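Quick mapping for you: the protein sequence lines, in order, are chains W and C.
Each number in the numbering used here comes from the position in the first sequence (counting from 1) with 833 added on.
Each number in the numbering used here comes from the position in the second sequence (counting from 1) with 833 added on.
Don't read these hints as lab results, they were simulated from the structure.
Predicted, not measured: the structure shown is a model, and the values here were computed from it.
FRET-style restraints, in silico, Cβ to Cβ:
| no. | chain 1 | residue 1 | chain 2 | residue 2 | range |
| --- | --- | --- | --- | --- | --- |
| 1 | W | Ser967 | C | Asp878 | 30 to 36 Å |
| 2 | W | Glu939 | C | Arg963 | 16 to 22 Å |
| 3 | C | Ser965 | W | Gln983 | 27 to 33 Å |
| 4 | W | Asn984 | C | Gly905 | 41 to 47 Å |
| 5 | W | Ala885 | C | Arg963 | 28 to 34 Å |
| 6 | C | Gly970 | W | Pro891 | 16 to 22 Å |
| 7 | C | Glu958 | W | Gly970 | 35 to 41 Å |
| 8 | W | Ser967 | C | Ala1002 | 51 to 57 Å |
| 9 | W | Ala863 | C | Pro864 | 39 to 45 Å |
| 10 | C | Glu961 | W | Val990 | 19 to 25 Å |
| 11 | W | Ser999 | C | Gly905 | 18 to 24 Å |
| 12 | C | Glu958 | W | Ala885 | 26 to 32 Å |
| 13 | C | Gly970 | W | Ser906 | 16 to 22 Å |
| 14 | C | Arg963 | W | Glu940 | 14 to 20 Å |
Backbone N, C-alpha and C define an ideal beta-carbon position, used for all residues, glycine too.
Number of protein chains: 2
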Amino acid sequence: MVRRATHASESAPRWRHLLRLMALYLEDFAPGQKHVSGTLRVESDAIKAFAAQFDPQPFHLDEDAARGSFFGSLAASGWHTAALTMRLLVESGFRPAGGIIGSRAEELKWPRPVRPGDELRVEAEVLEVRASGSRPGHGFIKCRTTTLNQNGEPVQVLVMNLLVQSRPA
Amino acid sequence: MVRRATHASESAPRWRHLLRLMALYLEDFAPGQKHVSGTLRVESDAIKAFAAQFDPQPFHLDEDAARGSFFGSLAASGWHTAALTMRLLVESGFRPAGGIIGSRAEELKWPRPVRPGDELRVEAEVLEVRASGSRPGHGFIKCRTTTLNQNGEPVQVLVMNLLVQSRPA
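This is chain W alone, in the form it adopts within the complex (with noise of 0.2 Å):
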């Protein structure tokens, strides 16, 4: 189940054909098993892009003004960050039967912002597994999520429940 994604940019358009057709059911998943995400770098343009249509604070938008600013620095939105990791995600292979599908979120913070020319990549564990008992045929598979920047430093770090399909019979 441990498998490793090979960089964004390096994906050819066949490996990512054969990974849909991959797809894992709830039956297939345990806790403690463990994904890694390829990598992707944020560059300023893309934080004050995000900022300007989601998040227009002035941190998030302008170097001079962040400077002021409890981040010191151009800082991404946290909600960017939270972007790039589904991207990272959703581009790493880790397919569950029917997508990935958040229900519920019980934690996400950021220990520290994303600053521009940041790699992040997002290393993710499965915690527990159990079927729905009002979906039949579906269950939840709560995972961590940490994203990581280039020195290993936490970003993110999210506990989500996903939905997911049982094997079919």
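Given the structure of chain W, go ahead and fit chain C onto it with the hints provided.
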């Protein structure tokens, strides 16, 4: 403390400027305070554009693919809903001193998907106010933001701890 923001598109720059001057310090917050955002309509193109960049799964990208999925028709990524919630909050005039800086969410759920044409608004409520033990001059407010569609149905519930400056002595 209960302030109602005007519709985003109706907010004059001058009104925004005044709100920016009215930053709220830790001492200005109390449990039970509520705040309501303006509204924002989510179009199909925006759902697909966000998904292409951050959550490239078929049910967020393509109407036909979505029909055969868990969602039944095109649905926004939950992270898109989260990002739009942040934008509504930032634009609403909810203005803690130092900015809206999330440190840790205790809950994040998406009770139903956002669909093309949905019109979203955010209701925020202060749940707790506490000083910081480790960070002099700062404290935390715990807020619940509920993002609602045009039918008053919740599409996201987020309980977030925000870092807020104390009033200067």
